[in-house]
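Protein chains in written order, with the working numbering: chain E, 23 to 253; chain D, 23 to 253.
Treat the hints with care, since some could be wrong.
One copy or two, it doesn't matter: identical chains are merged, so the pair holds either way.
[Stated by the list, open to error] 16 Å max Cα-Cα, derived EDC-like pairs, lysine to aspartate or glutamate:
hint, residue 1, residue 2
1, Lys180, Glu149
2, Lys116, Asp48
3, Lys56, Glu88
4, Lys79, Glu36
5, Lys170, Glu149
6, Lys114, Glu50
7, Lys114, Asp48
8, Lys246, Asp122
Simulated from the structure, these hints should not be mistaken for laboratory data.
2 protein chains.
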Amino acid sequence: MLESLNESKKLLPERVAEQIISLIADRELKAGDKLPNEFDMAQQLSVGRGTIREAVKILVSRNILEIRRGCGTFVCEKPGVVDDPLGFAFVKDKKRLGLDLCEVRMIIEPEIAALAAERATSEEIEELQRIEDEVKELCDKEEPHMHKDIEFHEMLAKMSKNMIMPNIIPVIQTGISLFINITDYSLTKETVRTHQMIVDAIRERCPQAAKDAMIEHLASNQDKIERLSGL
Amino acid sequence: MLESLNESKKLLPERVAEQIISLIADRELKAGDKLPNEFDMAQQLSVGRGTIREAVKILVSRNILEIRRGCGTFVCEKPGVVDDPLGFAFVKDKKRLGLDLCEVRMIIEPEIAALAAERATSEEIEELQRIEDEVKELCDKEEPHMHKDIEFHEMLAKMSKNMIMPNIIPVIQTGISLFINITDYSLTKETVRTHQMIVDAIRERCPQAAKDAMIEHLASNQDKIERLSGL
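Chain E on its own, in the form it takes in the complex (with noise of 0.2 Å):
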């Protein structure tokens, strides 16, 4: 539960904001649930007011709650995932971070299938297969298909059962599609079939085939990358 707080050397909004944190878990808030209001927390801190909204912001700037205004104060969909929380828009070398994404991709992506092929429940396989035949439709459009790719890849982390998966896949596959600018049409037929290979390996509950797919698939996508930035 919440405790008066003593002095410390973190300025008091910081360490108010660590509090509400804890105020979260402990209460086992879930994206969408509201905070009690800022008298309350008030109260509850012996600190002001103006320190709980000074804290407030500070985990709005994390990503941790979001202000609706009128209604409170709200926990966010992914608590503390931050929009890019590894500093890529920090790093100047932006072709080799395109290419050292495709490297971390290519070591985690094919174990996430593996994982995909054991875990994941038949549900989850066929929200899979409607999700690649939104891509497909998509590429036989000629229509930008990268936002369903994104979703097709995170499908596939969540079918890993690994808690992390999620959260990591997301952070590198826009880590790419932020600094490396992909064409989205000169690999529409090779996306198409890789995806289905590796739906089709899963389905047959076969990790290794769904690992040799998509190695196969971002071996593709790396062999582009490379290509696109000169090397």
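With chain E fixed as given, assemble chain D onto it according to the hints.
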């Protein structure tokens, strides 16, 4: 360069914070570099000094800037890399979190060891040996060695020459040490033996042996964590 701000849906301080991030990138400011003063930034962005102050607070809470009283505002050591960037503090099932973190390590770290065997410089390999000698010394004296152990794995991440790895590894290792109470002593001989196998394989430039040694090292850790968490 800095542009004057137009209206937008984001709150003004949030937008100004993004402009300050661009300023850091454009001017290639590094960790420890000083920012222009409040007055100059306010002029360049055509906003009030109060807004600049709000924006700086946002960036302080995101570990991008730090204020040194009486000196000015400086770029942080690892700008933008926040504590707990993946929101582990919000995960309820800490036991599962710990095991999932181990699974992620088992996927990433053997590949890091293999890359290090291919890419590290001789100086880096000797640095790794020095760190391991210190781990061994602490283990021999039965003193806490966790911090040196983390340093060993961070050094390997650096030696992989993939710029993402040194950002990912501390996040995962901190996650494990935060949520699982690992006794420092029960595995020390095993730690020292397998660490040394990793160093030797890298020195012999043998990626497969480095990878295998890392798998053996992590497997013994994982066993212990599974025992400690009663699975």
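Now the hints, each set against the structure:
1. Proximity of Lys180 to Glu149 under the C-alpha cut-off of 16 Å is restricted to the intra-copy arrangement: shortest distance 11 Å within a copy versus 39 Å between copies.
2. Taking CA atoms no more than 16 Å apart as the test, Lys116 paired with Asp48 passes between copies only; the shortest distance there is 13 Å, against 41 Å inside one copy.
3. Only within a single protomer do Lys56 and Glu88 lie at most 16 Å apart by alpha-carbon distance; the minimum there is 10 Å, versus 31 Å between protomers.
4. Taking CA atoms no more than 16 Å apart as the test, Lys79 paired with Glu36 passes in both settings, with 10 Å inside one copy and 11 Å between copies.
5. In this homomeric assembly, Lys170 and Glu149 come within 16 Å of each other (Cα to Cα) only inside a single copy, at 13 Å, whereas the closest approach across copies is 45 Å.
6. Proximity of Lys114 to Glu50 under the C-alpha cut-off of 16 Å is restricted to the inter-copy arrangement: shortest distance 8 Å between copies versus 40 Å within a copy.
7. Taking the closest pair of Cα atoms, Lys114 and Asp48 come within 16 Å of each other only across two copies (9 Å); inside a single copy the shortest separation is 41 Å, beyond that limit.
8. For the homomeric pair Lys246 and Asp122, the shortest alpha-carbon distance inside one copy (14 Å) is at most 16 Å, but the shortest distance between copies (32 Å) is not.
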